[in-house]
Amino acid sequence: DIVMTQTPLSVSVTPGQPASISCKSSQSLLHSDGKTYLYWYLQKPGQPPQLLIYEVSNRFSGVPYRFSGSGSGTDFTLKISRVEAEDVGVYYCMETLHQRGSFGQGTKLEIK
Amino acid sequence: QVQLVVSGGGVVQPGRSLRLSCAASGFTFSNYVMYWVRQSPGKGLESVAVISYDGNNKYYADSVKGRFTISRDNSKNTLYLQMNSLTTDDMAVYYCAKVRVERWFYGLDVWGQGTTVTVSS
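Chains as they are written, first to last, in our numbering: chain A, 1 to 112; chain B, 1001 to 1121.
Extracted from the complex, chain A is given alone in its bound form (with noise of 0.2 Å):
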């Protein structure tokens, strides 16, 4: 199985100030068909996950401006460019290189 390991576990931000979030995968996740399988998923409170960023960088629809993301290979980043307060949750990433898919541990976002 492939490892997804995330960094940090949690962040506490202010609002209108940036925000990163690392996740490493313990093999590449590029696919021979030229495609990055990684996924971004925030965690609402009470809530089930919701899709943010599809294959690495792309923005599901719906997805404010606020969040990129970036990388290749086994090292990837969402960012969000000014926390506001609806950004509170758990930020996933997963991969689906492996169709069963792993998830990493987590990040909690909480607001300072």
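Worth flagging that the hints you see were computed from the coordinates, not collected in a lab. Since the structure is predicted, the reported quantities are computational estimates derived from the model, not experimental observations. Virtual Cβ for every residue (Gly too), placed ideally from N, Cα, C. Heads up, some of the hints might be wrong.
[To be verified] Over the 12 Å line for every Cβ pair with chain A, so calculated as not near, a few chain B residues:
| hint | residue |
| --- | --- |
| 1 | 1011 |
| 2 | 1012 |
| 3 | 1027 |
| 4 | 1028 |
| 5 | 1045 |
| 6 | 1052 |
| 7 | 1071 |
| 8 | 1078 |
| 9 | 1084 |
| 10 | 1097 |
| 11 | 1120 |
[To be verified] Below, in silico cross-link-like pairs of lysine-lysine (DSS-like), each with a Cα-Cα straight-line distance of 30 Å or less:
| hint | chain 1 | residue 1 | chain 2 | residue 2 |
| --- | --- | --- | --- | --- |
| 12 | B | 1043 | A | 44 |
| 13 | B | 1076 | B | 1058 |
| 14 | A | 44 | A | 79 |
| 15 | A | 112 | A | 79 |
| 16 | A | 108 | A | 24 |
| 17 | A | 112 | B | 1076 |
| 18 | A | 112 | A | 24 |
| 19 | B | 1043 | B | 1065 |
| 20 | A | 79 | B | 1043 |
| 21 | B | 1058 | A | 35 |
| 22 | B | 1076 | A | 24 |
| 23 | A | 108 | A | 35 |
| 24 | A | 79 | A | 24 |
| 25 | A | 44 | A | 108 |
| 26 | B | 1043 | B | 1058 |
| 27 | A | 24 | B | 1065 |
| 28 | B | 1076 | B | 1065 |
| 29 | A | 108 | B | 1043 |
| 30 | A | 35 | A | 79 |
| 31 | A | 44 | A | 112 |
| 32 | B | 1058 | A | 24 |
| 33 | A | 24 | A | 35 |
| 34 | A | 108 | A | 79 |
| 35 | B | 1065 | A | 35 |
[Stated by the list, open to error] Just a few of them, taken from the derived set where beta-carbon distance is under 7 Å, the chain B residues facing chain A:
| hint | residue |
| --- | --- |
| 36 | 1014 |
| 37 | 1105 |
| 38 | 1114 |
Could you slot chain B onto chain A? The hints should help.
Leaving out everything else, chain B in the frame of chain A:
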């Protein structure tokens, strides 16, 4: 609109069985890979089982292999998870989710609301 409605959770004794259902609507269910993902209390997300769009390929977490069975009825637009020999380690909220693009194992774009499974004597 696209919707996944999960049902079947509840309280069950250790060693007993439970079957979860996920009713899909608003998209061509038979064209999409489907996942069951669980979240134990206070913990992260675990992909439990995945099934291809045609039901021919299934993948399981080691923790449930041999005890859980994922299946689908494309004529009823419904996904299932049969859970046997349940233990307290299986206590979790169980979500079903669809992939973003047809016919392959892309990321999950729509999730059901989840159903809670409690294993207790």
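Agreement of residue 1076 of chain B and residue 1058 of chain B with the hint, judged by alpha carbon distance not exceeding 30 Å: 19 Å, holds
Holds or violated: residue 79 of chain A to residue 1043 of chain B, with C-alpha atoms at most 30 Å apart: 23 Å, holds
30 Å Cα cutoff - pair residue 1065 of chain B, residue 35 of chain A: OK: residue 1065 of chain B and residue 35 of chain A at ~29 Å, within 30 Å.
Minimum Cβ-Cβ distance from residue 1120 of chain B to chain A exceeds 12 Å: Answer for residue 1120 of chain B: holds, closest chain A Cβ roughly 22 Å.
Least C-beta distance from residue 1078 of chain B to chain A larger than 12 Å: 18 Å, holds
Restraint check for residue 108 of chain A with residue 79 of chain A, where alpha carbons must lie at most 30 Å apart: Holds: residue 108 of chain A and residue 79 of chain A sit about 14 Å apart, inside 30 Å.
Straight-line alpha-carbon gap residue 112 of chain A to residue 79 of chain A, limit 30 Å: 18 Å, holds
Distance restraint between residue 79 of chain A and residue 24 of chain A, which requires alpha-carbon spacing of 30 Å or less: 15 Å, holds
Minimum beta-carbon distance criterion (7 Å), residue 1105 of chain B to chain A: 5 Å, holds
Satisfaction of hint between residue 24 of chain A and residue 112 of chain A, Cα-Cα up to 30 Å: Within the cut-off at roughly 26 Å; holds.
Outside-interface status for residue 1097 of chain B - nearest CB in chain A farther than 12 Å: Given a closest Cβ separation of 8 Å, the condition is violated.
Interface-negative label, residue 1045 of chain B against chain A, beta-carbon threshold 12 Å: The claim is violated: residue 1045 of chain B sits with its nearest Cβ about 4 Å from chain A, within 12 Å.
Going through the hint list in order, the structure does not satisfy hints 5, 6, 10, 17, 22, 36.
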